[in-house]
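Enquirer: Residue numbers (the UniProt record's numbering), protein chains in the order written: chain A, 1 to 306; chain B, 1 to 340.
Simulated from the structure, these hints should not be mistaken for lab results.
Bear in mind that the values here come from a model prediction, so they are computed numbers and not experimental data.
Cβ atoms here follow ideal geometry from the backbone N, Cα and C, with glycine treated the same way.
With a straight-line cut-off of 35 Å between C-alpha atoms, the simulated DSBU-like cross-links for lysine-lysine are:
hint, chain 1, residue 1, chain 2, residue 2
1, B, 135, A, 214
2, B, 91, A, 214
3, A, 225, B, 68
4, B, 84, A, 221
5, A, 225, B, 142
6, A, 225, B, 135
7, A, 214, B, 37
The following residues of chain A were derived to be distant from chain B, with all beta-carbon distances above 10 Å:
hint, residue
8, 23
9, 25
10, 29
11, 34
12, 60
13, 172
14, 294
In case you want the letters, here they are:
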Amino acid sequence: MFVYIIRRFLQTIPVLLGVIFVVFLIMKLVPGDPAVLIAGEGATEETIETIRNDLGLNDPLLVQYFSYLKDIVQGDFGESIRSNRPVFDEIMVRLPITMELALISILFSIVLGMIAGILSATKPNSIADITIMLLALIGVSFPSFWIGLMLIFYFSVQLQIFPVAGWDSWMHIVLPSITLGAMGAAIIARMTRSSMLDVIRQDYIRTARAKGLKNRVIIYKHGLKNAIIPVITVIGLQFGVLLGGAVITETVFAINGLGRLIVDSIYARDLPMIQGTVLTASVIFVIVNLIVDTLYRYFNKRIELD
Amino acid sequence: MLEQEDKILEVRQLQTHFFTDEGISKAVDGVDFVLHKGETLGIVGESGCGKSITSMSILRLIDSPPGKIVGGEVVFKGENLLSKSEATMRKIRGNEISMIFQEPMTSLNPVFSVGEQIAEVFRVHQNMGRKEAWKKAVEMLKLVGIPSPEERAKQEPHELSGGMRQRVMIAMALSCNPEILIADEPTTALDVTIQAQILELMKTLQNELGMGVIMITHDLGVVSETCDRVAVMYAGKVVEYATADDLFDQPKHPYTIGLMNSLPRMDIDQESLQAIPGNVPSPYNMPNGCRFAPRCPHAKGICHDAIPELRNTDDGSQVRCWMYTPEWEDHSDITKAGVK
Chain A
1 MFVYIIRRFL
11 QTIPVLLGVI
21 FVVFLIMKLV
31 PGDPAVLIAG
41 EGATEETIET
51 IRNDLGLNDP
61 LLVQYFSYLK
71 DIVQGDFGES
81 IRSNRPVFDE
91 IMVRLPITME
101 LALISILFSI
111 VLGMIAGILS
121 ATKPNSIADI
131 TIMLLALIGV
141 SFPSFWIGLM
151 LIFYFSVQLQ
161 IFPVAGWDSW
171 MHIVLPSITL
181 GAMGAAIIAR
191 MTRSSMLDVI
201 RQDYIRTARA
211 KGLKNRVIIY
221 KHGLKNAIIP
231 VITVIGLQFG
241 VLLGGAVITE
251 TVFAINGLGR
261 LIVDSIYARD
271 LPMIQGTVLT
281 ASVIFVIVNL
291 IVDTLYRYFN
301 KRIELD
Chain B
1 MLEQEDKILE
11 VRQLQTHFFT
21 DEGISKAVDG
31 VDFVLHKGET
41 LGIVGESGCG
51 KSITSMSILR
61 LIDSPPGKIV
71 GGEVVFKGEN
81 LLSKSEATMR
91 KIRGNEISMI
101 FQEPMTSLNP
111 VFSVGEQIAE
121 VFRVHQNMGR
131 KEAWKKAVEM
141 LKLVGIPSPE
151 ERAKQEPHEL
161 SGGMRQRVMI
171 AMALSCNPEI
181 LIADEPTTAL
191 DVTIQAQILE
201 LMKTLQNELG
211 MGVIMITHDL
221 GVVSETCDRV
231 AVMYAGKVVE
241 YATADDLFDQ
251 PKHPYTIGLM
261 NSLPRMDIDQ
271 ESLQAIPGNV
281 PSPYNMPNGC
291 RFAPRCPHAK
301 GICHDAIPEL
311 RNTDDGSQVR
321 CWMYTPEWED
331 HSDITKAGVK
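Sequences and hints are given; from them, build the entire structure.
Expert: What follows is the structure in C-alpha cells.
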C-alpha cells in the first residue's frame with residue numbers, strides 16, 4: 001500500500017510538468033508582445049529589445065520554460081498586472097475560501113448522494129426510488145447558476161433565512177454549498193443506485209444471506225464496500241467539475257474565492273494571474289486524483305498499478 | 001430403511017412460483033422429499049428443472065418479488081420453516097442449515113479476506129469476539145485442508161484458486177456444525193481432479209460431523225459417488241425418488257432412463273450417445289398431462305391428459321409415471337382426447 005502511494009505520487013510529477021508547460025504556453029500563444037505592453041506607448045525599438053532581453057523573451061522556448069519552471073517551484077508565480085502584488089500571495093488569500101466551499105460541497109454531495117442512492121437501490125421502483133431519481137434528474141439537468149439564483153430568491157429574499165451573499169459565517173456557506181453540490185449529489189445518487197443494484201444481484205450477496213446475516217449488514221457491509229468502488233471514481237471526477245463550478249457559484253454569491261479571481265483576471269487580461277490560478281486549480285485536481293486513486297486501491301485491492 | 005426419528009428435514013408439496021411480466025413460472029410445483037440424519041440426498045435434473053430453486057426455498061432465499069413460495073411445507077426438526085419469522089430464519093441460516101454454491105469465484109465477497117468471511121459466521125451465530133472468531137476461522141481453514149491457514153486467512157478470494165475458494169466456502173458453511181448442508185452444484189465449476197478432492201473432503205467431513213447433505217447436481221457421476229438416495233426432478237416436479245443403488249440398477253421413469261442412456265459407458269461398445277429428443281417445456285407453458293410426455297417414447301393418450309401421482313413401487317422407490325399404474329393397461333393408444 002505504502003509502495004503504491006509512493007509510486008502513484010511519482011507518477012504525478014510528469015503530469016504536473018505537462019500542466020505547467022500548457023500554462024506556460026498560454027503566455028506564449030496569446031497575441032501581443034509583453035515587452036511592448038510593459039514599455040508602453042511610444043517606446044523605441046531599442047528599449048523594447050532591452051526589455052525583451054531582460055525578460056529572457058529572446059531565449060529558446062525550452063530555456064524559457066525551464067526558467068519559468070524554476071520560478072514556479074520557488075513559489076514565484078510572477079506579479080499581477082492588475083494589482084502589482086505577487087500572484088502567489090493573492091492566490092493564497094483566495095484559495096482557503098474556495099477549498100472550504102469545495103470541501104463542504106463535495107461532502108454534501110457524497111452524504112446526500114450516497115444515502116439517496118442506497119435508499120433507491122434497496123427499494124427499486126418504489127415511490128421513494130422514483131422520487132429520488134426524479135430529483136436526481138433535476139439535479140443533473142438544471143444549471144447551477146439557476147439553482148443558486150432560485151435558492152437566493154426563496155431562502156434569502158422571501159424567507160430571509162440565509163444571507164444573500166458574502167462569506168463570513170456558516171450561514172453564508174449553506175446556499176453556495178447546496179448550489180455547488182447539487183449536481184454532484186445527483187450524479188453520485190444515480191451512480192450509487194446503479195452500482196448498488198448491480199452488487200445486490202451478485203452471488204456473494206446470496207452467500208451473505210445464506211450465512212444468516214442481517215439485511216443491514218448485508219447492504220452496508222457486504223454491498224456498500226463493493227458498490228462504492230465506481231462511486232469513488234465519480235466523486236474524484238466530480239471534484240474537478242466542482243472546481244469549475246466554483247467560478248459560477250462564487251460569482252452568483254459574490255464570494256471572493258479562487259473562482260472569482262479567475263473570472264476577474266480574465267476580464268482584466270491579467271495573464272500572470274490567469275496562469276497562477278489555472279495552475280493552482282490543476283495542482284489541486286492532480287492531488288485529488290491521487291487521493292481518489294489511493295482510496296480506490298484501498299477499497300479494491302485487486303487493482304494493481306500498470 | 002432408516003428410522004422415522006432420524007428424519008431431520010421433510011419437504012412436502014413445495015411450490016415456488018415466479019410472477020413475471022411473461023406470466024407465472026411454476027419453477028417448483030409440488031416437490032416432496034425427506035432427508036435423514038447423516039444421509040446424502042441427491043437432487044438431479046437438467047438446468048431449469050427447479051432443483052436450485054428447491055434448495056433456495058428451503059432457506060427461504062428466493063428473491064421476492066418476483067419469486068414466491070406459494071404452497072407446501074418445509075419441516076425442519078418438527079417445525080415448518082415456511083411459517084417462521086425472518087429473524088428466526090436468520091438464526092437457522094448458516095447455523096443449523098447452511099449452503100454452498102456452484103460458483104466459488106463469485107460466491108465469496110471480493111473485498112474481504114476469506115478469514116474475515118468465515119469469522120463473521122462465528123461472530124453472528126456464536127457471539128464470539130473478533131480475536132476468538134478469527135482463531136476459529138483459521139481452525140476451519142485447517143479442517144478443510146488449506147495449507148498454512150494463518151497466512152491464507154488474511155488473503156482475499158482473488159488470491160486463491162477455484163478449489164481453494166470452494167474449500168473456503170465449505171469451511172464457512174460448516175463453521176457452526178450445521179445439521180444440514182445444502183450443496184448446490186458444488187463441483188460443477190471445478191476441474192475434474194479438484195472435483196474429486198472436494199467431494200472426498202465433503203464426504204470425510206460429513207462422516208466426522210454427522211450432518212445430512214442435500215447434493216444438488218446435474219452430474220450423475222457425482223450422484224453415484226456421493227448419494228444415498230436420489231430425487232430426479234423434471235420441470236418442477238420429482239419424477240423418481242429412489243435409493244442411489246436402485247436408481248442406477250433399475251431406473252424406472254422414462255426420463256431417468258433417458259438420462260442414463262445419455263451417459264457414456266465403459267462396459268459396452270457405443271457408437272454414439274443417446275440424447276433425449278425434444279426440449280424441456282417452457283415454465284410458462286407446461287403441458288397439461290405428464291410434463292415429460294412430449295419427449296417420452298412410451299407416451300400414450302393418458303400421459304397427455306393427466307399428471308400422474310408420485311407412487312410407491314414394489315421395491316420401495318417412488319415414480320411419477322402412468323406406466324407403473326394399473327390404469328396403464330386400461331388405456332389404448334387412441335383416447336378420447338386423441339392427442340398424438
